[in-house]
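Novice: Given next are the chains, with one letter for each unit.
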Amino acid sequence: MATILVYVETRGGAVQPIAFELLAAARSLAAPAGWTVEALVCAADPAAPAVEITAADCVLTMAHPALSPYLPEAHAAALQAVVDERQPDVVLFGYTTAGLDLAPATAGRTGRTLAAYCRTLALDGGALTASAQVYGGKLIAGIEAPLPAVACVMPGAFAEDAGRIAGSPERIVLPAPATLGALKTRVLEELFPEAGGVDLTQASRILCVGRGIGEAAKIAGAAEVAELLGAELAGSRPVIDAGWMPKARQVGKSGTKVRPKLYVAVGVSGAPEHLEGMAKSDLIVAINSDARAPIFGAAHFGAAIDLFDLLPALADRLRAG
Amino acid sequence: MHAAVVLRLVPDIADDLEISESGNDIDREWVGMKLNEFDDHALEEAVLLKERAGASVTAVALDGDGVDKLLQSAIARGADRVVKITYDELPPLPAAAAVAAILADAIQALGADVVLTGVQTPEDAGGQLAAALGARLGWPHLSAVAGVQPAPDGLIVRQEHSGGYATRVHAAGPVVLGVQSASQPPRYVSGSKLRQAIGVKPEKRAGGEAFAGPVAMVRRLAKPASGGGAAMWKGDADAVADQFVALLRERGLLKG
Ligand SMILES: Cc1cc2nc3c(=O)[nH]c(=O)nc-3n(C[C@H](O)[C@H](O)[C@H](O)COP(=O)(O)OP(=O)(O)OC[C@H]3O[C@@H](n4cnc5c(N)ncnc54)[C@H](O)[C@@H]3O)c2cc1C
Ligand SMILES: Nc1ncnc2c1ncn2[C@@H]1O[C@H](COP(=O)(O)O)[C@@H](O)[C@H]1O
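Protein chains in written order, with the numbering used here: chain A, 1 to 321; chain B, 1001 to 1256.
With the rest of the complex left out, here is chain B (with noise of 0.2 Å):
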């Protein structure tokens, strides 16, 4: 089994998100960009896949700003080898047929039977990859998923729907998972691994022919209108308390 796992950078949002002067993508210059979530998570399975039933591992990203170190990291996780995918242009916030465009080519090159990437990002506002890479391949794809087994004739895969309800679906052949969560939470890497790791020069490979289809654009951002929201509490933690429980017993909601 040759399991490639897709890794993107994506904006910290737990920063304060600005508006850049284009009006159509957000002000990159300085925000924090990290491992997307859930590409953590699918990178995790990946690794348990190798551990469990002797798959290699290729971390496949994007070329950009922080990629070596991405992928450094990831073979500190476990990834056998890593990848960069150079390509020509996208826009801001690109829909994902584009994306899986660049992407599928080489990784049908590096002969993966298995894609492994993140079941959505903060900014896929033209879709979601894991499922239009399946469709750029020709493969099925599952997401949400959360937790894959090696069995003697493929993978099962949990793909969790809501209210606690879930499948285990049985794949023969090459599948693409969008992956939600890892079977158990991404692993801790040590300092010392990591700094083993940044010897590691990715290979550069050349992504496929740009998208030509049409795509959807994204023509502006914008913060949410305000107004509705919350009354916010103002004072320290006693004055936030007293106007708490003064609600609460305002609207008959103490215990007892």
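Just chain A, same shape as in the assembly (with noise of 0.2 Å):
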């Protein structure tokens, strides 16, 4: 029968919530064509994370000590031995650091075709059709992969719950390749968030600064308003890349994911990678010069104007109260 295999991130032993946004697409692409649902947990100690895993028909772990913490080449060997062993006819992983390391690899490795940055995915005669997020979001591209077929999917594509629902799925050991014994690449280090500096997740106010900002001297000016409204400061990557803010102020995939009551984003595009971040605030406010920037999609309010115009504008209201 056919199957679609789940990729399922973990991190220091806990299943990671793409992992269930990607069981939900698998169970929508699996229930109309009468597939099977296959969800794969590798680790050095996989069998606490896989109880986590109801969703599936069949839980397959594979346990080697290479396995934790995430190194791409550990798991790029077991992805190949599993996808060869198995010939799933779709393979699923959500578009993270794990996802941009592991859906070409496999592809390449087992040779599948592959489709990335997918927001739907259907299934249609011989192919995986989906619609891709290319662009900086500012287009959607229809893509047509053959089967079989790898997908990497967009986070926030698909909702969790239907990833979440129970089951009493068969749990299969699989046994760990020899490959794994042969690597040229291993982990030294996990570094983690530095505490005590400022944390995103709590604030309920939070003005994000882009790149439009245009240099670090003019942050002061954002800075300013954002103390006006008692918001947290935070940037954009390339705010931080260049070293105008430190990256505990970063939003998005690669910084923190926030839901504050309100999200003011100035000089900011809107690329999927930073609305992954603070697409779920309660009210967000977008300003930008470029009426087709991708931000006004994701945006409750709204203006195209030039944001070094704005902002002396709210300060002096904010200021006048």
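Accuracy of the hints is not assured; some may be wrong.
[Unchecked claim] Rough simulated footprint, nothing fancy, chain A against chain B, three-plus residues with beta-carbon under 8 Å:
1. 1001-1015
2. 1094-1108
3. 1114-1126
4. 1213-1220
5. 1229-1241
[Unchecked claim] BS3-like cross-link-like pairs, simulated, lysine-lysine; straight-line CA separation at most 25 Å:
6. 1255/B to 280/A
7. 1034/B to 1234/B
8. 261/A to 280/A
9. 261/A to 1234/B
10. 280/A to 1223/B
11. 247/A to 261/A
12. 257/A to 247/A
13. 1050/B to 1223/B
14. 257/A to 1255/B
15. 1223/B to 1069/B
16. 1204/B to 1193/B
17. 1050/B to 1201/B
18. 1069/B to 1034/B
19. 1204/B to 1234/B
20. 1255/B to 1034/B
21. 1223/B to 1034/B
22. 1255/B to 218/A
23. 1255/B to 261/A
24. 1204/B to 1050/B
25. 1050/B to 184/A
26. 257/A to 280/A
[What the hints assert, rightly or not] If you only want the chain B side, here are some residues facing chain A, beta carbon under 8 Å, derived:
27. 1144
28. 1159
29. 1160
30. 1168
31. 1169
32. 1171
33. 1172
34. 1173
35. 1178
36. 1185
37. 1223
38. 1224
39. 1247
40. 1251
Worth flagging that the hints you see were computed from the coordinates, not collected in a lab. Yeah, the Cβ is synthetic: ideal placement off N, Cα and C, and Gly gets one too.
Both chains are sitting in their own frames, so use the hints and assemble them into the complex.
Specialist: In structure tokens form, the structure reads like this:
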């Protein structure tokens, strides 16, 4: 019978939320076609996280010390072995660091086609079809990936709930391939966020500055408005990478995921990797001089004007109270 | 150490992107092309490896319009050698596996032992190149790389995940790195260095055999469905600020 294999990401022995979104995606694909959903947990000790997975027909586990903490070479080798053995028709990854590593690696090493940045998935005859977010979210690509295929799915594209339903999947322990004993890379150290810094997840109001701010010296103007709003200051990735703000203030895929009462984005284009970190905020206001910027698709209110005109005008009014 | 850095020209997504008549590509006639942002970081990290560990750096790009200038700017940034790879044909937004097939042989022939490229491009709907190259070369790879340090017996690579979590990974042999950000922001190059580099003529090499396996194809491109989205405030900055403050007052979100 045809199967969909879901790669389950774990960290520190816990299943990552994206895995439940993928299980939901897999079930929605599998149900109409009468296909089977298998979930794969690869870790040093996969038994505990595997118990969290109930929404699959079958949960596969593979245990090996090289599999935790996550190491791309080890997980790519594990997947190659599992996919070669079980020959799934579709393999699903989430668009995370592991997905960036493993979706193309698995496709390349097992001769499968690949659709990346998927927001929807469907089966159409002998192909997986998908709509993918490209060009920073400005366009949607309709992709056709002949089966067997790999898809990398955007976080937030499928609701977790359907991936958390109860069930009693069959459980199968798979042997680790010998390749895991001969790796050329190894994890030296795990790095965790520094304690004591700002915690954006606790902020009820956030003002986020994007690359539109142009230079470090201009951040002071935004910081003043943040102060007047009672908001924490945050930055998009380029602002952090440029060294204009500390990493703890980065919102998005590789930064912090936030859900404040108020999120104000100035000079942020609204790339999918940024939206992933803030799209669920209660009230989103976006200021961007480009009326076509994707941020306006996620915002509740917005204005297509120059942030350097708006910030002083806003500061005046907030100061006046 | 010999670092090959793969550079790609991509559409400037700040531009207006129109869909071509074929319906499965953007109209490339008028769109501005620029060095992929993450490839810029990959180039910076490669040049840092040269400065810190004496690596030789070869910048590699698929042949095409504007590629000579792209590679010359890599010379100005510190690359030692520049090579453009010729190939027959690629579909719009080509699958990473197909691009990897073209590049892999050339990279091996150059004798590179570390390949750096950007973690993604705005148009890699068919997958990301770094991991596809790793698969093709049979080398380990790491994506979302934020910093590489030379070590006596290889490289130490920082791989970023989410929420401030990262790992430091030791790579003992050849490796492909999908760079997200360099250890320091990409450097500024002076106009005089750029002018000097204009004299350099990139070497030309034939790419590998076309990819034989089936690949995903982009069948159509579309603008995202409108609807939902922001209610847009009209007027000048003062008018917008008034509406902004009124909203905050109405929602009880003013400070105090
Ligand atoms: C694996 C991975 C993880 C990532 N993680 C993150 C992440 O955690 N967080 C994140 O933010 N990004 C992340 N990114 C990067 C993301 O893809 C985008 O590159 C980034 O979000 C763009 O930041 P930006 O919107 O500030 O800059 P840009 O996209 O350059 O946008 C700048 C915007 O400012 C506007 N602007 C310019 N001048 C003005 C002005 N005077 N007034 C008003 N508006 C103006 C422009 O119209 C433009 O829309 C990640 C990427 C990858 C591949
Ligand atoms: N996690 C996410 N990542 C990327 N885009 C998103 C995400 N959540 C919502 N969006 C987009 O943001 C817009 C508003 O989404 P919503 O508020 O869910 O209707 C839509 O264009 C969605 O496609």
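Novice: Which of the stated hints cannot be reconciled with the structure, identified by number in ascending sequence?
Specialist: Those not satisfied are hints 7, 13, 15, 19 and 20.
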